[in-house]
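Novice: This is what each chain is made of:
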Amino acid sequence: MSKKISLLIVDDEESVRDSLYNWFIEDGFETGCAESAGTALAMLENSHYDIIITDIKMPGMDGLELLKRIKTIKKDAIVIIMTAFAAVDTAVQALKDGAFDYVTKPFDPDDLSHLIRNASRQILLSNENEQLREHIGLEQVQDIIGKSEAIQQVLREVQQVASSNASVIITGESGTGKELFAKAIHANSARRFFPLVSVHCGALSESLLESELFGHEKGAFTGAVYNRKGRFEMADNGTIFLDEIATISMKMQIELLRVLETKSFMRVGGSKLISSDFRVICATNRDLKQMVVEGLFREDLYYRLNVVNISIPPLRARLDDIPVLVQHFISKYCRAMSRNIVTIESAAINRLQEYDFPGNVRELENMIERAIVVGNGKEIRVKDLPGQKESNAIITESLEELEKKHVQNVLNKYDWNISRTAKALQVDRVTLYNKIKKYDLRQGS
Amino acid sequence: MKITLLNYGQLDRNLLNKVAESVEKEFLSEVIIRDEYADLSTFFDSSRKQYNGNKLLGFIENKPRQGDEKFIGLFNVDIFIPILTYIYGQAYLNGKSAIASSHRLSNERYGMVKDEKLFLERLIKETHHELGHCFGLLHCHSPGCVMQSSTYVEDIDQKSGHFCESCRKHLHSSSL
Numbered sequence: 001m002s003k004k005i006s007l008l009i010v011d012d013e014e015s016v017r018d019s020l021y022n023w024f025i026e027d028g029f030e031t032g033c034a035e036s037a038g039t040a041l042a043m044l045e046n047s048h049y050d051i052i053i054t055d056i057k058m059p060g061m062d063g064l065e066l067l068k069r070i071k072t073i074k075k076d077a078i079v080i081i082m083t084a085f086a087a088v089d090t091a092v093q094a095l096k097d098g099a100f101d102y103v104t105k106p107f108d109p110d111d112l113s114h115l116i117r118n119a120s121r122q123i124l125l126s127n128e129n130e131q132l133r134e135h136i137g138l139e140q141v142q143d144i145i146g147k148s149e150a151i152q153q154v155l156r157e158v159q160q161v162a163s164s165n166a167s168v169i170i171t172g173e174s175g176t177g178k179e180l181f182a183k184a185i186h187a188n189s190a191r192r193f194f195p196l197v198s199v200h201c202g203a204l205s206e207s208l209l210e211s212e213l214f215g216h217e218k219g220a221f222t223g224a225v226y227n228r229k230g231r232f233e234m235a236d237n238g239t240i241f242l243d244e245i246a247t248i249s250m251k252m253q254i255e256l257l258r259v260l261e262t263k264s265f266m267r268v269g270g271s272k273l274i275s276s277d278f279r280v281i282c283a284t285n286r287d288l289k290q291m292v293v294e295g296l297f298r299e300d301l302y303y304r305l306n307v308v309n310i311s312i313p314p315l316r317a318r319l320d321d322i323p324v325l326v327q328h329f330i331s332k333y334c335r336a337m338s339r340n341i342v343t344i345e346s347a348a349i350n351r352l353q354e355y356d357f358p359g360n361v362r363e364l365e366n367m368i369e370r371a372i373v374v375g376n377g378k379e380i381r382v383k384d385l386p387g388q389k390e391s392n393a394i395i396t397e398s399l400e401e402l403e404k405k406h407v408q409n410v411l412n413k414y415d416w417n418i419s420r421t422a423k424a425l426q427v428d429r430v431t432l433y434n435k436i437k438k439y440d441l442r443q444g445s
Numbered sequence: 446m447k448i449t450l451l452n453y454g455q456l457d458r459n460l461l462n463k464v465a466e467s468v469e470k471e472f473l474s475e476v477i478i479r480d481e482y483a484d485l486s487t488f489f490d491s492s493r494k495q496y497n498g499n500k501l502l503g504f505i506e507n508k509p510r511q512g513d514e515k516f517i518g519l520f521n522v523d524i525f526i527p528i529l530t531y532i533y534g535q536a537y538l539n540g541k542s543a544i545a546s547s548h549r550l551s552n553e554r555y556g557m558v559k560d561e562k563l564f565l566e567r568l569i570k571e572t573h574h575e576l577g578h579c580f581g582l583l584h585c586h587s588p589g590c591v592m593q594s595s596t597y598v599e600d601i602d603q604k605s606g607h608f609c610e611s612c613r614k615h616l617h618s619s620s621l
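Residue numbers (our numbering), protein chains in the order written: chain G, 1 to 445; chain R, 446 to 621.
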């Protein structure tokens, strides 16, 4: 055992505490004793204990209440409840409240030994799991691809924020993959065993959104034939992802704020208050702060949601990621179309890296899918890519001026490496030298 | 270092001589046997119909002794501690006192044929185990080591009467 397991015994009877203490000490556990629930809570504030084994009947706060308090401080604490009375109801309640197990005094030595061994194994496995996770880093989320510093910075932020319960607003242009990052946050949070419920607010009318979020009771409105759980209810213990949050109406903003504050709501047409423990992640491609200034978005809701802001960079800010993204999409679509994996010529990659992608990763993905469909089945060539240059702003400059700018840009891109620049421009080195001379191009300009 | 076996269980002297011989070899200490008498009714818990192990251990602890002499009280009664249904013995870790009982060590108790050799082996193992705690040894996970925790009599049979290399080292360093 690499790390000693620590145990806290909570019992008002001294003889029980002493007996257990001696038993556990001989077994090599670090053991502490508390004569009451209050003392135990004070000890837990100052020291760490892996396992808490507590009596149920104690003067003052009983074992069940102690269990609840411990669970609010440390959700994954292993608490074993012991009592002299084999009351099934109490046992069931203890287990419902998160007790690891329940034992009736006096225990058979073998039962106690098994119980503690099981609890220790769980602790060791969970520590091992945590160490492995730290070692591996962020839980991989399919489709988040990128080695650029910009995307790595976002992934670091995701990792940092994932372990907290804070509300997050993910901002970014359309097509940057905001939902993927919401998934990454959820997948790396303690809520990952519970659902991630997504709601695309922009796609629903106000009344539909209300019923979608809060659910409805049978007969609440025409067509409400059955009771229906809302998304907030479905996200209990998990995460709710509200995409396009900027599109919700003022009325819904008020409703949403109330739910976020109380974590409770009523179904449409219902009268029963429903509680749900969810985390909120929102996404928008709008400037919410500006919307607050313009009076289009409630300031209180903005601050409630915007505890953490994660900004996803547009694809043009991480051009280095284009080759890996392209490879990812090639294998994704070739597999989906049951085709052999195609290659892509370097000129096509260069062409993609020169484009500014207003539609971001989604646009790149569509381009690659299309190129695989229209291509020769072996290699994606420049001509398989859509004429993306045409989508740029209307150019009014002279051809010469354009050429000068283009050559200068490509030279800068390749740090004035003549061979690579010539290759990218598809001209020979002499031609490139002539252009540099002709346009009086200089490094650093 | 002296270890004294206090015979409160009216255990056969020949049997105890063999236990003493084994303890002497294992602990490299002088071992003596003393026949003792005590009114055990004060340690009897009528609700559990068993003898209170904590009180028995306290009783042994309070016996006058010379220096760091270790005492192990050998009983032939069913011992419990408040939290457990029964125990074979217990000791003060790094202390001077231990107790062990032969009550649950005999085959007859489990409806099996009497086996004196097995009974002696079990008694020796329990004595070594509890005295091991007095020398600061914890339960050991090394297969066959006498310091392995035993909750059933079959567990006692699974282990040897000897200390593993690591426990032996600890034992000899602490008894020096």
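Calculated from the structure, these hints are not laboratory results. Be aware that a few hints might be false.
Listed below are the simulated DMTMM-like cross-link pairs for lysine to aspartate or glutamate, each with C-alpha atoms no more than 20 Å apart in a straight line [to be verified]:
1) G/Lys251 to G/Asp300
2) R/Lys500 to G/Glu13
3) R/Lys541 to G/Glu255
4) R/Lys494 to G/Glu210
5) R/Lys500 to G/Asp62
6) G/Lys383 to G/Glu365
7) G/Lys378 to G/Asp428
8) R/Lys500 to G/Glu345
9) G/Lys105 to G/Glu128
10) R/Lys541 to R/Glu566
11) G/Lys229 to G/Glu255
12) G/Lys71 to G/Asp101
13) G/Lys105 to R/Asp490
14) G/Lys105 to R/Asp484
15) R/Lys541 to G/Asp101
16) G/Lys74 to G/Asp89
17) R/Lys614 to G/Asp27
18) G/Lys74 to G/Asp27
19) G/Lys263 to G/Glu294
20) R/Lys614 to R/Asp523
21) R/Lys500 to G/Glu255
Residues of chain G placed beyond 12 Å of chain R at every Cβ, according to the derived structure [as the list claims (entries may be wrong)]:
22) Ser15
23) Arg17
24) Ser19
25) Asn22
26) Trp23
27) Ser47
28) Met82
29) Asp89
30) Val92
31) Lys105
32) Pro106
33) Lys437
Please read these numbers as outputs of a predicted model, since none were measured by experiment. We treat Cβ as the ideally placed atom computed from N, Cα and C, and that holds for glycine.
Novice: Tell me the numbers of any earlier hints that the structure contravenes, in ascending order.
Specialist: The structure breaks hints 3, 4, 5, 7, 8, 9, 10, 14, 15, 16, 18, 19, 20, 21, 22, 23, 24, 25, 26, 28, 31, 32; every other hint is satisfied.
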